[in-house]
Amino acid sequence: MRFVDEFRDGKASRSLAETIRRTVTRPWSLMEVCGGQTHAIVRFGLDALLPSDVHLIHGPGCPVCVTPVALIDQALAIAARPEVTFCSFGDMLRVPGSAEDLLSVKSRGADVRVVYSPLDALALARQRPDREVVFFAVGFETTAPANALAVAQAETEGLGNFSMLVSHVRVPPALEAILASPRRRVDAFLAAGHVCAVMGTQEYVPLAAKHRVPIVVTGFEPLDLLQGILMAVRQLEEGRAEVENQYARLVKPGGNRTAQALIERVFQVEDRDWRGIGGIPSSGFGLRAAYASFDAGRRFGVQDLGGQESPDCQSGLVLQGLLKPRQCPAFGTTCTPDQPLGATMVSSEGACAAYYRYRRFDPVEAP
Amino acid sequence: MTADPFLLACPRPLRHATVQMAHGGGGRLMKDLIEGLFLPILGTDPAGQHDSAVVEAAGARWAFTTDGFVVSPRAFPGGDLGELAIYGTVNDLAMAGAAPSALSTAFILEEGLDLAELRALVASMKAAADRCGVRLVTGDTKVVDRGKADGIFITTAGIGLIAPGVDIHPRKVRPGDAVIVSGDLGRHGIAVMSVREGLAFESPVTSDCGPVHHLVAALLENGLDIHCLRDPTRGGLASVLNEIATAAGVAIEAEEAAVPVNEAVAAACEILGLDPLYVACEGRMVAFLPEAQAERALAVLRAIPEGKDAAVIGRVTSGPAGRVSLRTALGTWRLLDLLSGEQLPRIC
Amino acid sequence: MCLGVPGQILEVDDSPLRMGRVAFGSAVKDVSLACVPEAGPGAWVVVHAGLALDQLDEAEAQAMIQSLAELDADGEGA
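Protein chains in written order, with the working numbering: chain U, 703 to 1069; chain A, 47 to 394; chain B, 142 to 219.
Hints in this document: simulated from the structure, not taken from any laboratory.
Mixed in with the good hints, there may be bad ones.
[What the hints assert, rightly or not] Heads up, simulated DSS-like pairs for lysine-lysine below, C-alpha to C-alpha not over 25 angstroms straight-line:
no., chain 1, residue 1, chain 2, residue 2
1, U, LYS912, U, LYS954
2, A, LYS172, A, LYS188
3, U, LYS808, A, LYS194
4, A, LYS172, A, LYS77
5, U, LYS808, A, LYS172
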């Protein structure tokens, strides 16, 4: 077992797709929450295997896409300071703030680096006591333990030159917001497997019950996604609305308690703005008061910087599943991966970028 | 092909006011820079674009090319900057079907560069040139203040003789051509990334950096009608297929499962969230020739050590000009697009 | 949102971050195993951003593959 190739089998994929085809009796709209799932669906062409009655809606689960413009502007202001070494995951470098992106700041001489892990940024702070090392901590619950670990370890080591610009988001409140919308189009969710590996599945039970919506915790390989779709479609056809776990090889109902304790120690739940969607109560993590000295926003006095989204960008509608990327008038014309108007066109996980890269010549479906 | 002199090229506006890293990344921004800035000013016919230019002199046709080399770090598993500087130019000449004859080199050195390192790099260049049977005949050296260059930049240029009757160019690619790669893909890019600060990981992958001119010579000696050749460097195979499809006005269909990718390269791509079809090679080529000759071409290539993993990975069709489609490992179809911007490891 | 890659633990140290060498096929990377305190050499984990999120359960994985094989057999029989 290598836990990769076994879940990419073409024959089993086609057989799953065939079972989905036999199960479906009417149109259903399923939202895959996580951008990693969107990426896998288009990269492996899974949408092409599905019957036309199964509509996939791409959800808001790309941290790069939902980080608000104001936070990007704050990152740009911090990164431009001469004493700062600014560390970020690769995808964030090309996301436009209100005027430019991190790569532009880098091209003017700012010390901006791509790291693989917040622990790499921590190591850099250790090696370079003469520099202010700032990590751009974006992500969902999946990334929160790694970021919390870096802050906790910085405190233990007394690394005064390390700080974080935090823009952490949480999935369940976003699902609640989507479900509560009067324009709701989602019949079922494929919940993000790696988020649930950390947090468990319990938070989703009241959501499924209250809104009568099936929620299937799903993995990221082709067979995972197809099986998750089958489980969701079966629930819909049978009139059930439960939380099911497709990704049982990793996700336990209670999640990872050690990781949760680490998050609990460093972060607290806060309200957060989502790019293109707006404010959602209790939908983010922020540093607890005890760790406020590691808050880069405070350290560099940029908390009040704010920015404006391009008025032409409809990524908010895309993120809520109300608009397919190719139905946006700017798609592929004034908005491309090289000249993105919004974040969904930037990240390789963003719904617009994924469609541009893999599907831009397909016929456009009716809205 | 002659350009209409009254048809003024209208440069596309560049969004960026300054040069970005992605302008050198082999993707769409670099294409914009070339087509939107260099070609309109220099007045070069865009249809003439190839890895080498072909000039007629002394009653013969010569391939002529130049290339600048920067890599960080300068030594990587399987090679170094000196070797790259030779193989890169030798391979660009080979892509026009030329036998490399002579190279020039220019060094931009940063004040403070360790002379022992310079000596090692120059020795690498000499060994690589000997391996290719090509002479370094002239050179230049400049030194800049400390901080004004990253240690050393090497530029090489080369000329090579094209045999009579050989005409290898993107415009010759036509529907019915087979697409062949000469070996497994992505090793150079992964070897360099494996030792880059901030990403470092242990990997058995060594760079594929090496010459391919002898592979080209073998194909020509065996009378194969090569329509076009291109080396998949920055932007990888995906970029080559897109460039050729656009330049030749054809569509290309590629088969993901047929593309040779070494297990260790695939593993590294999984960690970094990269697609091996976009990762750079420095010792591979993509060949376009009539489908009927594909089996014979494979046999010729596989008889040479550097070509032992050669494979047919796709075909040229009369579909929409410039479109490259990929049949995925699951048997579904999707677009294989040009890389946008610099290839950045994907974490989220 | 979250690229998570399955890998097998080769060795673990006893530093505060509980760093370990994890093999992803033939590529090996140092990652923190702080959130999988009970996982030792030989265990499979999913790694995201330099941290192991949790252990993989081989029995569950086999059960899934088995259920798909049965589905396949049903499909061909239909």
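Hints versus structure:
A hinted pair counts as satisfied when its Cα atoms are at most 25 angstroms apart, and LYS912/U with LYS954/U qualifies at roughly 23 angstroms. For the hint pairing LYS172/A with LYS188/A, the CA-to-CA distance comes to about 20 angstroms; that is within 25 angstroms, so the pair holds. At most 25 angstroms may separate the alpha-carbon atoms for a hinted pair to count; LYS808/U and LYS194/A meet this at roughly 16 angstroms. Using a Cα cut-off of 25 angstroms, the hinted pair LYS172/A and LYS77/A is violated, with the two alpha carbons roughly 33 angstroms apart.
At most 25 angstroms may separate the alpha-carbon atoms for a hinted pair to count; LYS808/U and LYS172/A exceed this at roughly 36 angstroms.
Checked against the numbered hints given earlier, the structure breaks hints 4 and 5 and satisfies all the rest.
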